[in-house]
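Heads up: the protein sequence lines correspond to chains A and B, in order. The numbering of the first sequence is full-length UniProt numbering, which starts it at 1 and goes up by one. The numbering of the second sequence is full-length UniProt numbering, which starts it at 1 and goes up by one.
Only true hints are included.
Calculated cross-link-like contacts (lysine-lysine; reagent style DSS-like; alpha-carbon spacing at most 25 Å):
hint, chain 1, residue 1, chain 2, residue 2
1, A, Lys93, B, Lys393
2, B, Lys50, B, Lys127
3, A, Lys393, B, Lys93
These aren't lab readings, by the way, just hints derived from the structure by calculation. Please read these numbers as outputs of a predicted model, since none were measured by experiment.
Protein chains: 2
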Amino acid sequence: MRMVTADEFNLAREVEYGSAEQNETVRRVVEAVRTQGDDALLRYTAEFDKVQLTTETLRVTDDEIQAAYDRVEPDFLEAIRAAAANIRSFHEKQKRGSWMDLQPDGTMLGQILRPLRRVGVYVPGGKAAYPSSVLMNVIPAQVAGVPEIVMATPPATGGREGIDPYILVAAAEAGVREMYRIGGAQAVAALAYGTATIAPVDKICGPGNIYVALAKRAVFGAVDIDSIAGPSEIAVLADDSAEPAYVAADLLSQAEHDEMASAILITPSAALAEAVAAEVERQLASLPREPIARASIERYGAIVRVASLEEGVALVNRLAPEHLEIMTAAPTELLGSIENAGAIFLGPYSSEPVGDYFAGPNHILPTNGTARFSSPVNVDDYMKKSSLIQYSKEALLRDGAHIMALARHEGLEGHARAIELRLEAERGN
Amino acid sequence: MRMVTADEFNLAREVEYGSAEQNETVRRVVEAVRTQGDDALLRYTAEFDKVQLTTETLRVTDDEIQAAYDRVEPDFLEAIRAAAANIRSFHEKQKRGSWMDLQPDGTMLGQILRPLRRVGVYVPGGKAAYPSSVLMNVIPAQVAGVPEIVMATPPATGGREGIDPYILVAAAEAGVREMYRIGGAQAVAALAYGTATIAPVDKICGPGNIYVALAKRAVFGAVDIDSIAGPSEIAVLADDSAEPAYVAADLLSQAEHDEMASAILITPSAALAEAVAAEVERQLASLPREPIARASIERYGAIVRVASLEEGVALVNRLAPEHLEIMTAAPTELLGSIENAGAIFLGPYSSEPVGDYFAGPNHILPTNGTARFSSPVNVDDYMKKSSLIQYSKEALLRDGAHIMALARHEGLEGHARAIELRLEAERGN
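One chain only, chain A, in its complex shape (with noise of 0.2 Å):
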């Protein structure tokens, strides 16, 4: 790996926004579903994934579901269900209420909480279908209340047969009842403007193909999206006291994603920058994934020398990484001072795959330095407010000349006379 300091390093990642082409496809294919519904669904899913479905085809049937129980390994099965559990009971933690502030005169403010009436999970097909990006985005939803929560994913890729039983499986232990088998821009469209056959949701997530991508931007504005993800990335920052193997066996299973990603050491120690990449070497070439791994280290990886720990986490908060892992003597110590990072890991147990998986917290973080600004996926994504105003007689009273001075301020007239109307029609009663 290449050992460059803070000041040299530099992580500059180009985001896919399709070409011309792509979003000309898009287009006419979100239209198309837009005005011609189930007909333009299905002549676009068998045009892209040669399958020749039909309104009454479109659903998974609950025989199918239960056939995919059947056809998955029992330590899969078991696996997930501890996962879901786990993801499950760290979302609950995060659920909040509606609340309401009851004042003396009579006034009652507030803050209404309800979750979304529908939402849409887009799954992709072949070897992006990750079971655990499945429950991550749909036991958020559930845990919020969402009371309808579809699926949509591709009806066969990769030359496979139909959809890939691990994917329904953990679709229906995270409580998804409603699965169809569309992908695309296609689905997208779908789900967001609806069909005879697929009534519209109001907000579509899950990570997909640059058309999926694509298309998610061009409905966004009728239903909500949830982020699109960029290339991903790891920064580990460790001192003497961390164990290399550990380090590098962690910074490779961040590269084996794809080349894009990038897989960051951060640390002022000399010994462990030079024992950590002989680790990346020895380790990278016995990876089933070695070719996407290796590119991605070269392309993406980089070991940083610091002076010091502070030195450390001032670019770690300049990079806020995806995923942040503090391997030093004392990690809890540097936790005040870390502002950027989406999900952070602490001390020599906590790999990132614990994450990925298994502890509960959410795996789909902001990356690309978005850890700024955004947040893991949470319940609020899956949540909307309301505000809540009833004023009293005695506080609109007290209130309406402060209120009026203001809406005439700002050439309001007609603001301020639906003050005064009543001003004057209460203040005699």
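Given the coordinates of chain A, work out where chain B should sit on it, guided by the hints.
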């Protein structure tokens, strides 16, 4: 006002996305400021705002802020201070802290909440410069604990000299100390990317013209942005108990905003419908902004006759109005069935301007049906979350097999090995 049934009623308004020429102008300006910094910022300020500034005069001085205080009327200052206190008090109740969950095996999971570090508030010039909106954008950020809140507003508009003193006073009262006389796409780009004079921010919020809206869209990703406001609307759900003059005045206070605004009465009462229609005509006649309000009422206003309050509630939920007033005999009885509304005003004294200016809840609300999935501006908008995972050795030894099973199922051997390595090393210890 036109009278329709719920089935006949359809509120369709077009949202402006800008012409190709406007998009190209914004692209050029943003790119120039990003790459040339202050030089481009000053050049475009001279070109678009017709004001020649230097890097020394970009920032508003303390003396100018003091001078603004000397120019505003005492009743304005008193009203803005009272409003600010109410807004601060309401938003303080929204604030949440970090939490952690300590497990008996030594594992610690948690969610860390932090304010964004630096936020830019855009305030448009000219007639759209509303001191109340300055409070509504700034105070939630201040309550969130954002240490640096900067304001950008055009140096002069509509032939006026300098920045509106009411805006300066509102910003100062809300706690802003750093203000720049910059506007348009060049201001948005300067805030997003920073220049030698202006440090970059993490989020840009506040309304603006089409150039500002397009520039915010363009810089999104490099920074966060707030939602881009669409046309505004009010729905009043009322029965025979409502006072027609109040209903009409509240509808008009929305209609006077702009011609795209929509004001809708939903009622099962024929008598109220007739009386409100007559009152709207009567009150319109003497309204200073009568042409705007009349155009709004004619194009997007309606009185919708429903069979019952229940049907009315269903229509409200379909519309998802920005503002909802409920003026019925027992308004709180309907509250539980209202799913979608930005702000809900209950009873005869809760006229919309009470919320627009004074009560405390935010007046920046989801418009154009987006209350289905989005929320009033609130403290959460200026905070970010990080997940915290400190797994214990005991927990890793217990859960390691599950984690490896899930990783290997997903074909991510590197993930599995990061765990396996630790299990092998730690089991012996």
